[in-house]
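*Asks:* Listed below are the residues making up each chain.
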Amino acid sequence: MTTATPDILLQGRDITQRWGGLVAINQVSIALERGTIHAVIGTNGAGKSTLINILSGEITPTAGKIELLGKDATRWSQPRRARHGLGRSYQRNTIFPDFTVFENCRLAAQAQVHRPWIWWNNAQKCKISVSSAESAITQAGLTEATDRPAGLLSHGQKRQLEIAMCLATRPEVLLLDEPLAGMGAEETERMLALLNNLKANHAILLVEHDMDAVFRIADKITVMVNGSVIASDTPDQIRSNADVQTAYLGAH
Amino acid sequence: MHTISQGRLAFLLLFFAGLALYPLIAGEYGVDFVTKIMIYAILALSLELLVGNVGLVCFGQAAFFGIGAYGAVLLSPQDASASWLWLLPACVAAAALYALFVGALSLRTKGVYFIMVTLAFAQMAYYVVHDTPLGGGTDGIYLYFKPGLDSAIDLSKPHTLYYFTLVFLVWTFVFLAILLRSHFGRALAGIKINEQRMLASGFYTYPYKLAAFITSGGIAGLAGFLFAVKDGFVNPEMMSWHLSGALLIMIILGGLGYLEGALIGAFAFIFLQEFFKSDAIFGSFAKHWQLGLGLTIIACVALLPKGLIGLPDWIHKRLYGEKRIITEKMS
Numbered sequence: 001m002t003t004a005t006p007d008i009l010l011q012g013r014d015i016t017q018r019w020g021g022l023v024a025i026n027q028v029s030i031a032l033e034r035g036t037i038h039a040v041i042g043t044n045g046a047g048k049s050t051l052i053n054i055l056s057g058e059i060t061p062t063a064g065k066i067e068l069l070g071k072d073a074t075r076w077s078q079p080r081r082a083r084h085g086l087g088r089s090y091q092r093n094t095i096f097p098d099f100t101v102f103e104n105c106r107l108a109a110q111a112q113v114h115r116p117w118i119w120w121n122n123a124q125k126c127k128i129s130v131s132s133a134e135s136a137i138t139q140a141g142l143t144e145a146t147d148r149p150a151g152l153l154s155h156g157q158k159r160q161l162e163i164a165m166c167l168a169t170r171p172e173v174l175l176l177d178e179p180l181a182g183m184g185a186e187e188t189e190r191m192l193a194l195l196n197n198l199k200a201n202h203a204i205l206l207v208e209h210d211m212d213a214v215f216r217i218a219d220k221i222t223v224m225v226n227g228s229v230i231a232s233d234t235p236d237q238i239r240s241n242a243d244v245q246t247a248y249l250g251a252h
Numbered sequence: 001m002h003t004i005s006q007g008r009l010a011f012l013l014l015f016f017a018g019l020a021l022y023p024l025i026a027g028e029y030g031v032d033f034v035t036k037i038m039i040y041a042i043l044a045l046s047l048e049l050l051v052g053n054v055g056l057v058c059f060g061q062a063a064f065f066g067i068g069a070y071g072a073v074l075l076s077p078q079d080a081s082a083s084w085l086w087l088l089p090a091c092v093a094a095a096a097l098y099a100l101f102v103g104a105l106s107l108r109t110k111g112v113y114f115i116m117v118t119l120a121f122a123q124m125a126y127y128v129v130h131d132t133p134l135g136g137g138t139d140g141i142y143l144y145f146k147p148g149l150d151s152a153i154d155l156s157k158p159h160t161l162y163y164f165t166l167v168f169l170v171w172t173f174v175f176l177a178i179l180l181r182s183h184f185g186r187a188l189a190g191i192k193i194n195e196q197r198m199l200a201s202g203f204y205t206y207p208y209k210l211a212a213f214i215t216s217g218g219i220a221g222l223a224g225f226l227f228a229v230k231d232g233f234v235n236p237e238m239m240s241w242h243l244s245g246a247l248l249i250m251i252i253l254g255g256l257g258y259l260e261g262a263l264i265g266a267f268a269f270i271f272l273q274e275f276f277k278s279d280a281i282f283g284s285f286a287k288h289w290q291l292g293l294g295l296t297i298i299a300c301v302a303l304l305p306k307g308l309i310g311l312p313d314w315i316h317k318r319l320y321g322e323k324r325i326i327t328e329k330m331s
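As you go down the protein sequences, you meet chains A and B in turn. In this text, residue positions in the first sequence follow my numbering: the first is 1, and each later residue adds one. In this text, residue positions in the second sequence follow my numbering: the first is 1, and each later residue adds one.
Next up, chain B with everything else stripped away, as it sits in the complex:
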């Protein structure tokens, strides 16, 4: 049975409770910073669905994120605040639609070709916003009126947006956890390990993969919407391959194959980035932050093949010299 171990459950409860309580002690900068990380965590979860659970290494996740974000800006009226009740689903749908298009074509390829084709489609979206009047060029475009719902849920208030984002982070996590233990999720797990066997058992694997791709794109669009609302501004960098690559690093750093891995990876990555960028700690060396970040990530991956999620195992092994298996898979 798919039992979630007590350790993992305790970790998740503490993690989300910590996030819920954090604004009580944090200043405005902290609230904005953690909102940003939670958005990246949603985005990392969307990629984790594909890479960790179907074995599809998508190198173009930033495109869906960007479409959600540009959608939020372009669909909002110029002179008034839109209701997020329709704007958010519209952004998710726009990203999911592009995912349908990209997935329908790219899923006919495999392995490294799939990686390259998804990258190519993401670059295509990047240049559309970069080089056409639609996306406002390199400068991007501003969202003058942030969406709200009357005055009850006004997303221009940082605390409201923080909790709004947290709700969607929890929702995404729970949604994916339920999805992965369903027929659909189990079929994806089978496809990841041996697609040939799944075909021979009678599964039409292509629609399964396409549905996963669209779901993933839609969730990335949700993250994009949140990001546009947070910053009140979008630019083409949101669609660049740097972000797609950073997302892959996040989920590998956290631990592939586990939803918690995507959460941990997103937080660890952004914290490490801020740490190495800090002038207060590194002085003039801070401008070379990529070097420190890169070396740390290499060290993490080399020492912890399972990612940060394997850290408790690793510590236990060091302390007691024996192997303890807590990162259990479905059995």
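Same shape as in the complex, but just chain A:
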């Protein structure tokens, strides 16, 4: 549900991405508000991941504009966006398997430390990154696994850790690329509960293939086909949208 004055944290306007002759993304506009989960669905190759890569700064779009917390961030590098409140997770796990859950999160949080060149101090005694890591672990529900090497976690826990590492950087916007991929029913429930909790303080973009989950949890759904947005509305409206049914849902 949107509030009376929507708190838009990340906005992409008329984003276009061409790879030679191929138009991967065609004039896509999207606005992420605090307190909402905004899902982007579409078949493989629809441009969902490219969109996330553009919003997070991994790819500079051919055309279009991106605003992060009211500032023009179109030309910002990925680290700069991360430092200004943007966190993203990946479709494939990007955790550090040899490190403990705690160290994974502490290292992510360390990006906020202002004087990283103080080479004689022990990083693990750094108060700022330790406290950010602890709160991220608690939020993500991984308290019991804190001291376990990340490589030994179950698949579901690894996905939770992926989110925890985002949270450790204290972001306001979360771009989540298929956080439910490969999860069992119980793990999915746990992840959905986590996302629901995070919603209050974050603007969340969710790219996901699990349609049941998407329609249960999303406040808004954008449907992409061949790089273009064909509909963007509430789940109920999307469900009954004729275009969407022909182009996408009907295909299943």
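Errors might be hidden in some of the hints.
[What the hints assert, rightly or not] Cross-link-like lysine to any residue pairs, in silico, SDA-like; alpha carbons within 25 Å at most:
#1 B:K110 <-> A:R80
#2 B:K110 <-> A:P79
#3 A:K125 <-> B:L176
#4 A:K65 <-> B:Y204
#5 A:K65 <-> A:S232
#6 A:K125 <-> B:P207
#7 A:K158 <-> B:K192
#8 B:K317 <-> A:P149
#9 B:K192 <-> A:N121
Note that these hints are calculated values from the structure, not bench results.
Use these hints to put chain B onto chain A, whose structure you have.
*Replies:* Frame of chain A, contents of chain B only:
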């Protein structure tokens, strides 16, 4: 927490204590020989920082070593002894400066391209000293007056140079150990495993890699300075790719990812080299020493994937048939 296991601590204390006591029982040849190995160990540590801890396979480490060495000779006055108090930092700075130049350009490439670009820059430095009057050509140049500091620390005396080198070996080891557990070192560890994740977390990874590259080059320059002072002579072979390759073999042989690995690797490599070169043991076959050395290294790497540092594990496994993890990583 980054706890160093008791076994590792005991090993290091014994290792350095052994080195400190060695000149009491050794002759002049032995002192000179171990000084040489300690210099290679410093050089191997500098490469270990890049390869083992950032995942940057630099195939041009010999250039920084050579620049430190040539710097020591070229910056020394012709007719008097220089003070090492300024000469040594100058050599380190010269090598670090070249590392800044090489790193700034080569770090824009990745993987095998990075290996080739660092090799190309090292070859460039090699040909500068090989083919120009600056470096004295293939014959190299002599350092007539070894640096000292009044008469207190006179580096022309083998024992003084031995302890001087040992101090810098310990210093390099401790410096790197502290560096690797700092914010800087942890960020490097993250970059090694997954640079994409580090960027997404908000790390500007390029300056981190460049700083590591410069640090590594500077330490290699320190080793070069020591080598020039030890031999009183430099030649282009110090910058050849053979040395860069031998250094890579040293750290792989010792065990990548561990500073001790670089120490063990340097000692093992030079000992093996001397062993296979020995006429007394191999007679006329000694001239084929590379064959014996190569086969031994292949056997070591095949049997011990973690390098020589994994030897205690391997022995324990053979004896008791179970796995014991002593080579612990930061947890």
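*Asks:* Next, verify each hint and record whether it holds.
*Replies:* Against the structure, the hints come out as follows:
This hinted pair checks out: B:K110 and A:R80 have alpha carbons roughly 22 Å apart, not beyond 25 Å. At most 25 Å may separate the alpha-carbon atoms for a hinted pair to count; B:K110 and A:P79 meet this at roughly 19 Å. Simply put, A:K125 and B:L176 have alpha-carbon atoms about 18 Å apart, close enough for the 25 Å limit, and the pair holds. Of the supplied pair hints, the one linking A:K65 and B:Y204 holds, its CA atoms being roughly 23 Å apart against a limit of 25 Å.
In summary, the hint linking A:K65 to A:S232 is supported, as the alpha carbons are separated by about 19 Å, within the 25 Å threshold. Of the supplied pair hints, the one linking A:K125 and B:P207 holds, its CA atoms being roughly 23 Å apart against a limit of 25 Å. Of the supplied pair hints, the one linking A:K158 and B:K192 holds, its CA atoms being roughly 20 Å apart against a limit of 25 Å. About 23 Å separates the Cα atoms of B:K317 and A:P149, which keeps this hinted pair within 25 Å; it holds.
With a CA separation close to 21 Å, the supplied pair B:K192 and A:N121 stays within the 25 Å bound.
In the structure shown, no violation is registered for any of the earlier numbered hints.
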